[in-house]
Amino acid sequence: MFWTSWLLAVLAIALAWPVPVLLARAHWPARAPFAAMVLWQSIALAGGLSMIGAMLCYGLVPLGANLSDGLHGLLQIAVGEESLDTLGLTHAFALSAATLLTAHLVFTLWLTYFRINRQRRHHRDLLLLLSSPSKERPGTLVINHDAPVAYCLPGGARSVTVLSDGLMTLLSPEELHAVLLHEQTHLTQRHHLLLWTFAAWRSALPWLPTSKLAQRAVSSLIEIMADDVALRSVSTSTLVTAIALVASGSAQLPAASLVGSDLEKIDTPATTSARLSRLLTPAPSLSAGRRALIVTGAALLLAVPTALLLVPGILA
Numbered sequence: 001m002f003w004t005s006w007l008l009a010v011l012a013i014a015l016a017w018p019v020p021v022l023l024a025r026a027h028w029p030a031r032a033p034f035a036a037m038v039l040w041q042s043i044a045l046a047g048g049l050s051m052i053g054a055m056l057c058y059g060l061v062p063l064g065a066n067l068s069d070g071l072h073g074l075l076q077i078a079v080g081e082e083s084l085d086t087l088g089l090t091h092a093f094a095l096s097a098a099t100l101l102t103a104h105l106v107f108t109l110w111l112t113y114f115r116i117n118r119q120r121r122h123h124r125d126l127l128l129l130l131s132s133p134s135k136e137r138p139g140t141l142v143i144n145h146d147a148p149v150a151y152c153l154p155g156g157a158r159s160v161t162v163l164s165d166g167l168m169t170l171l172s173p174e175e176l177h178a179v180l181l182h183e184q185t186h187l188t189q190r191h192h193l194l195l196w197t198f199a200a201w202r203s204a205l206p207w208l209p210t211s212k213l214a215q216r217a218v219s220s221l222i223e224i225m226a227d228d229v230a231l232r233s234v235s236t237s238t239l240v241t242a243i244a245l246v247a248s249g250s251a252q253l254p255a256a257s258l259v260g261s262d263l264e265k266i267d268t269p270a271t272t273s274a275r276l277s278r279l280l281t282p283a284p285s286l287s288a289g290r291r292a293l294i295v296t297g298a299a300l301l302l303a304v305p306t307a308l309l310l311v312p313g314i315l316a
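Going by the UniProt record's numbering, 286 is the number at position 286 of the sequence shown; the sequence numbering is gapless.
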């Protein structure tokens, strides 16, 4: 397992810095947002698995030739059948680091979920006081505000889209339809789950610059994917106008008043600018073959650390 640990360490370093930086600078993700989203998820999962796996495998080197034998040897130490001295200081430290990192990631994931849910509940309670249900649109609440504001609030069966009076007055029926399609896509495709996991990753590893890059990229891709769904029913000019008007209204309100948490502030001025630029100067989508190649590469990327950990003797 010695070489396995080193190979996993090299993979973890590559996925922690150069690979995400290059992907964040690339222009093709806007032409294939779904494939890019899959690739970002694969990088995050494979990177975390490689990080933990490298320390775990190195720590288990004295106890066996593969993960199964090493874990069996560790169990024997835990029950007192083998001496802890078998490990040695450096290997014991590596095992401790792997355990602590795993616990930290899992706890941060849960804590982020708890915080976001608590803030959403508080925001939903405020909406009950400050909004009224739309008579024409089920699952839509209307708030009395002059600024053109639109956003969605996930919550399973209680998910709602929130519109302001100002938005409904300012937008034409076609533009309002585009906004509703965009927000409904966020809910139906469960984009909030992606935001949750990448927000947790950034909270768990704030010292890792690429965790911030990944969160920004995923936030932008989510908006692009929702735009693409809206474009199936409305014209580009209609969507561009709707985006610009909604962005002007969002800028007049604090982010926390919209979604209840800075963790979920996804439609930033930079994102809005990128969306408008993409719509005004459209580039052709990547071919189906290239998109399939990217998704296949993402699957293989995740398969590499998994195979290194689980397949006995793969580097023997």
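Don't take each hint at face value.
Unchecked claim - Label pairs and their computed distance ranges (CB to CB):
#, residue 1, residue 2, range
1, S96, V21, 38 to 48 Å
2, Q76, W6, 20 to 30 Å
3, S96, G155, 53 to 63 Å
4, A307, G155, 32 to 42 Å
5, R137, A103, 37 to 47 Å
6, I13, S235, 39 to 49 Å
7, G289, V79, 52 to 62 Å
Worth flagging that the hints you see were computed from the coordinates, not collected in a lab.
We put the CB at the ideal spot given by N, CA and C, even for glycine.
Status of the hints after comparison with the structure:
1. S96 x V21: 38 to 48 Å: Given a distance of about 30 Å, which is not inside 38 to 48 Å, the answer is violated.
2. Q76 x W6: 20 to 30 Å: Roughly 25 Å apart at Cβ, these two residues keep to the hinted range, so it holds.
3. S96 x G155: 53 to 63 Å: Since the Cβ atoms of S96 and G155 sit about 39 Å apart, the hinted range of 53 to 63 Å is violated.
4. A307 x G155: 32 to 42 Å: holds (39 Å)
5. R137 x A103: 37 to 47 Å: holds (45 Å)
6. I13 x S235: 39 to 49 Å: holds (47 Å)
7. G289 x V79: 52 to 62 Å: holds (54 Å)
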